[in-house]
Amino acid sequence: MSLITANNLSKTYAKGELKVEALKDLNFQIEPASFVSFVGPSGSGKTTLLNLIGCLDKPTSGVLMVDNTDVSGLNTRMAAAFRGRKIGFIFQDFNLIPVLTVYENVGYPLLMVQNTPSLERKERVLTLLEAVGMAQKKNKYPDQISGGQKQRVAVARALVTNPKLVLADEPTANLDHKTAYMVIDIMKKMKNELGTTFIFSTHDQKIVGEAEIIYSLEDGELTNGRD
Amino acid sequence: MLNIFKIAVRNLMRYKRRTLLTASLVAIGVVFVLVFISVSGAFKNMMIGQITDSFLGHIQIHKKGYVASIDSLPLTLNLGPKTLGKVEKAISQTPEIEAYSKRIKFGGMFSNFVETTNVRLNGVYPEDEVKTVPLFLSRIREGKKNIKLGEILVPELLAKGMKVKVGDTVVVIATNRDGSVNGKEFQVGGILESVTGPGGRDGYIHIDDAAEILRMDTLEISEIAIRLKDFDKLHSVFDRLRDKLANELNKQGKPAFEVHMWEKLSPFYNVARMIDVMTFFIKLMLIAIVLVSIMNVMVMAVYERIREIGTIAAIGTLPGKIVAMFLVEGFSLGFFGAVVGDILGIAIISVLSIAKLTFNFGRQKGLLLSPGINLQDILVISIIVIIISVLASLQPAYKASRMKPIDALRHV
Chain A
1 MSLITANNLS KTYAKGELKV EALKDLNFQI EPASFVSFVG PSGSGKTTLL
51 NLIGCLDKPT SGVLMVDNTD VSGLNTRMAA AFRGRKIGFI FQDFNLIPVL
101 TVYENVGYPL LMVQNTPSLE RKERVLTLLE AVGMAQKKNK YPDQISGGQK
151 QRVAVARALV TNPKLVLADE PTANLDHKTA YMVIDIMKKM KNELGTTFIF
201 STHDQKIVGE AEIIYSLEDG ELTNGRD
Chain B
1001 MLNIFKIAVR NLMRYKRRTL LTASLVAIGV VFVLVFISVS GAFKNMMIGQ
1051 ITDSFLGHIQ IHKKGYVASI DSLPLTLNLG PKTLGKVEKA ISQTPEIEAY
1101 SKRIKFGGMF SNFVETTNVR LNGVYPEDEV KTVPLFLSRI REGKKNIKLG
1151 EILVPELLAK GMKVKVGDTV VVIATNRDGS VNGKEFQVGG ILESVTGPGG
1201 RDGYIHIDDA AEILRMDTLE ISEIAIRLKD FDKLHSVFDR LRDKLANELN
1251 KQGKPAFEVH MWEKLSPFYN VARMIDVMTF FIKLMLIAIV LVSIMNVMVM
1301 AVYERIREIG TIAAIGTLPG KIVAMFLVEG FSLGFFGAVV GDILGIAIIS
1351 VLSIAKLTFN FGRQKGLLLS PGINLQDILV ISIIVIIISV LASLQPAYKA
1401 SRMKPIDALR HV
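So the protein sequences, as listed, match chains A and B. Quick note: the first sequence uses this note's numbering, first residue 1, plus one each step. Quick note: the second sequence uses this note's numbering, first residue 1001, plus one each step.
Hints in this document: simulated from the structure, not taken from any laboratory. Don't take every hint at face value.
Listed next, the in silico EDC-like pairs over lysine to aspartate or glutamate satisfying Cα-Cα at most 20 Å (straight line) [to be verified]:
| id | chain 1 | residue 1 | chain 2 | residue 2 |
| --- | --- | --- | --- | --- |
| 1 | A | Lys19 | B | Asp1239 |
| 2 | B | Lys1064 | B | Asp1239 |
| 3 | B | Lys1229 | B | Glu1308 |
| 4 | B | Lys1016 | A | Glu130 |
| 5 | A | Lys140 | B | Glu1185 |
| 6 | A | Lys58 | B | Asp1239 |
Here are some of the chain B residues that sit facing chain A, going by a computed Cβ distance under 8 Å [as the list claims (entries may be wrong)]:
| id | residue |
| --- | --- |
| 7 | Arg1014 |
| 8 | Ala1347 |
| 9 | Ile1348 |
Heads up, the beta-carbon is just placed ideally off N, CA and C, and yes, glycines get one too.
Only chain B is shown next, with the shape it has when bound in the complex (with noise of 0.2 Å):
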């Protein structure tokens, strides 16, 4: 085998210049899919990071029927406290998970006593929520890093809406879900940053002063937002929460609650979708590349080399072996290429990494990019263009290893 490549590797040495241009479209390629693959990817985990880490969490739990109706925060679907004592244990009993963040939301009046709109608020116990959601505090724009009983953090866009600044007393009014009204008076204790998806544009407040708005005798809760130590188990964790929690049953005899991924709540995981459909299609337009160029390459190298065919086959060669030369010519300029697009690929994505470049998404103005790549794509796409520069070369192999060796040894 090892004369085999020796030989190959010579034949390709022969035409230097076409084997180099031929090799460079495929280096070419694969830079371009393992930048691409870097870059969105960068964006995609950056991205559901921001998310999970601001706000989301990376699974929640709620009563069932919750989240279908969660527009209109319905006080009704909380969890009350034997419930909620189930979903604790279940939570105990799972070591992957970091931390949990009970919520209460709702929705409410918020008056600066001029003018008066709608807020959506969340109560939250502040040390959970910063455990649970780490780029909580980061939010905070003004105003101290930090949710103190009769304090608000009131949303960037209804502050300025609203003419609130820091240290501003307003008022929040609330139907509980007996449908009595209560009102609190808060003072403005920061200014919170929006973030993408749904609630990012909720205000917050401590948790105790939540349960006196609404009047709550006894705690309960409409959301619990969870970390993992390691998002990678996320879907591991899931299914084993989702199937302890499946065995509590409401009084109707069904499922009492209902746990969701980030994927499920938040809409960005439709742009995490398509960046994966789009990365695929940059994978088959590479697929394209190889494909084309190697077969180009070896139907030339077959048809400049008939009288050599000729001569191998009849001293004895079987068919087989000449097969196996011409693969393995497809194989090494494959191989070649991919070598090459590799390192020049991680030298490029190193230097993006370190130009440290940012971006705007919606409203989120310069989000830091932080390319990277993997020891795996890598893996992959090089095995993808080793195996497609092989099936390519397959065909005229095939043709050389069936030619008569009396034909192609007339062959001018």
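Same shape as in the complex, but just chain A (with noise of 0.2 Å):
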């Protein structure tokens, strides 16, 4: 069964008497442990995709389902709760709590959504640092680690409570060429040793190679699918 379905899948934005259409009568499926890209210019409706499967946003018209909950029809405090058992996010600016170290950063979905326990949010947390390199820093807070750090530091945190689905929004536009490699490298591994599906979205060529499904999306409309 597929972890996303998406039919007739619609998005507008309306300011005034302007509609602008982001996304247009998109159909697809993505199956569960896939690596996944959307590419595609800057405008093409990539972010907003992502948000839509991400349950930021509610789609103007049209079905999503995602781990067969139709995430259309969710409230905000629904929506939230179902981010937080079934989603983990990577972000393109790593967004970083300031005030919390690496090690409390990763445990903070854990700790503040779903209420582990100490004992396994610790040990939780400890793996997930070891996987992507960064237990040595665990203690140092974001602004004391580099770009490419907090990054791997993201993925840890996106993965922390074993979500089914990482959405991931140009998660190396800010990073140079070695540590975009080395994070799409941590990426790919936590995939395969999870089992979790990875959709990212990147405008850059070398790194659209790395993934095993590539969507292009172009004004708002998918022009391909391979694999």
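Join the two chains, each given in its own frame, into one complex according to the hints.
Next comes the structure, spelled out in structure tokens:
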């Protein structure tokens, strides 16, 4: 069974009289444990699509099923709870919480979202920090580590709740090439180890090549999808 | 919850200068209120003590209608032996009463053989009077600290005006309740310091001398002043005494007695009330300071952390928890300011107390002010500050929780 199914998915932004169709009748399916990339130029609708899949926004029309849930019908609270249980996020700007250490940042979703018991939380956080190679820096604050290290911490944070899906919007945009590959490698490794589905958007053609499935978006329409 | 506190405190420490400034503002407000409450309370309590312990007592009992006519000191409204017995019985059944003093109050003429003027006098049993109003003896500025038969304590203004001094002979002339006039020679036993309030400028003689001048066959009492063991029980004891005596009716079937607390008898009560009103407004000012400063900081905190709010919301933090995070931040700020303010306030009050400040009130000079603050006041002020801090954070916290993660994440 597909993890994500989109049927005639559309999103239109309206500002007064002006209407912008960001996504137009998209139809696609993504299977569990996939490593998927959405590519396309700026304004093609990549971020909008990831926002819809991540329950951060609602489609104007169409159906979007994520893990057998019609996410377009979720209210704010339900959407937050759904994200907390099922989805991990990796942001372009890392978005670590500056007042928390690396260890606390990774543990945040377990502590504040899932209320995981302390011992289990500690074990899970340390395992993931080891996996992304950040265990040595666990007591550092975000402003004491490099961009690549921040994104590795963000990957660990996204995976710490053992989500079915991780969404990454331009995760390598603020990284140099070498670090970008390192982060993609970690994501792939995690996908293989944990069976998590990774969906990321990018416009970096070299990084795109790392994806198993690539969807191209142009002016809000899917132009192709390949394995 | 502990983790929310930890995050809140770290967020506050992130902007150290702003946090310190805001907490300082709150602390200064708390200090100001505590010092004001302490000093005004000390002034109020001292003045109440002066009034009740110098001449008024805590409670007074009269025949019904006496207080309304007190300016004319009517002898027709004295308590006879029978009615006095009822009052004394009620007093004896009230264990909270420490002492009471029976007084004959009357107006008369005071002559130094050259000039004559009018005078208001109290005839008292000296031992009972001293037990009931312990500061009485300290008011005697010159002469012996006692009231002996045949001696009079003359109010200082009267002594000055009539140019009499301790040891001089004077004559007191008074009209009794039947209209006949009588006079008696007295030796000036002492000069009595004036105190604020009605009766504060009366002269004193022994009660037997008063009965002799007024030609009383049996003792008639104008007023009974009562002192309680514990001033804090004033209202409860007053209620009980009033209720006991309310059952005693006169020939017209109306209550025979009237019972009054010092508050109803002294105009200083209005000053005390005014101090309470001022204290209330000072507290309102503190609330305004805390409200504005905390709300300002919390609004800025939300505005500066929009992307962070978007991040934690995207991760799945529920709106209620986001509200809690900001409320706890406001709470911590208020708590910190209140604690610092309490410590500084107590320190300043202690210094003022050690400094032994004196002040003048009316004709009373060099009254010693002893500022102090009780735990209840400190707790009430601190709780007000903390509650207002939380309330001030409510709107920014609610705003943060209602932010759409998608918009918040886009914020630059």
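Quiz item: Is lysine 140/A close enough to glutamate 1185/B, meaning Cα to Cα at most 20 Å?
Solution: violated, 97 Å
Quiz item: Holds or violated: lysine 58/A with aspartate 1239/B, Cα cutoff 20 Å?
Solution: violated, 69 Å
Self-check item: Interface hint for arginine 1014/B, Cβ within 8 Å of any Cβ on chain A
Solution: This interface hint holds because 6 Å falls under the 8 Å limit.
Quiz item: Holds or violated: lysine 1064/B with aspartate 1239/B, Cα cutoff 20 Å?
Solution: At roughly 17 Å apart (the allowed maximum being 20 Å), aspartate 1239/B and lysine 1064/B satisfy the hint.
Quiz item: Is the shortest C-beta separation between alanine 1347/B and chain A less than 8 Å?
Solution: With a minimum Cβ separation of about 32 Å from chain A (threshold 8 Å), the hint on alanine 1347/B is violated.
Self-check item: chain A contact restraint for isoleucine 1348/B - C-beta distance below 8 Å
Solution: With a closest approach of 34 Å, the isoleucine 1348/B hint is violated.
Quiz item: Holds or violated: are the alpha carbons of lysine 1016/B and glutamate 130/A at most 20 Å from each other?
Solution: violated, 34 Å
Quiz item: Taken at face value, is the distance from the CA of aspartate 1239/B to the CA of lysine 19/A at most 20 Å?
Solution: violated, 78 Å
Practice problem: Assess, step by step, whether the Cα of lysine 1229/B is no farther than 20 Å from the Cα of glutamate 1308/B, and give holds or violated. | Solution: Distance ~63 Å between lysine 1229/B and glutamate 1308/B Cα, so the pair is violated.
Checked against the numbered hints above, the structure breaks hints 1, 3, 4, 5, 6, 8 and 9 and satisfies the rest.
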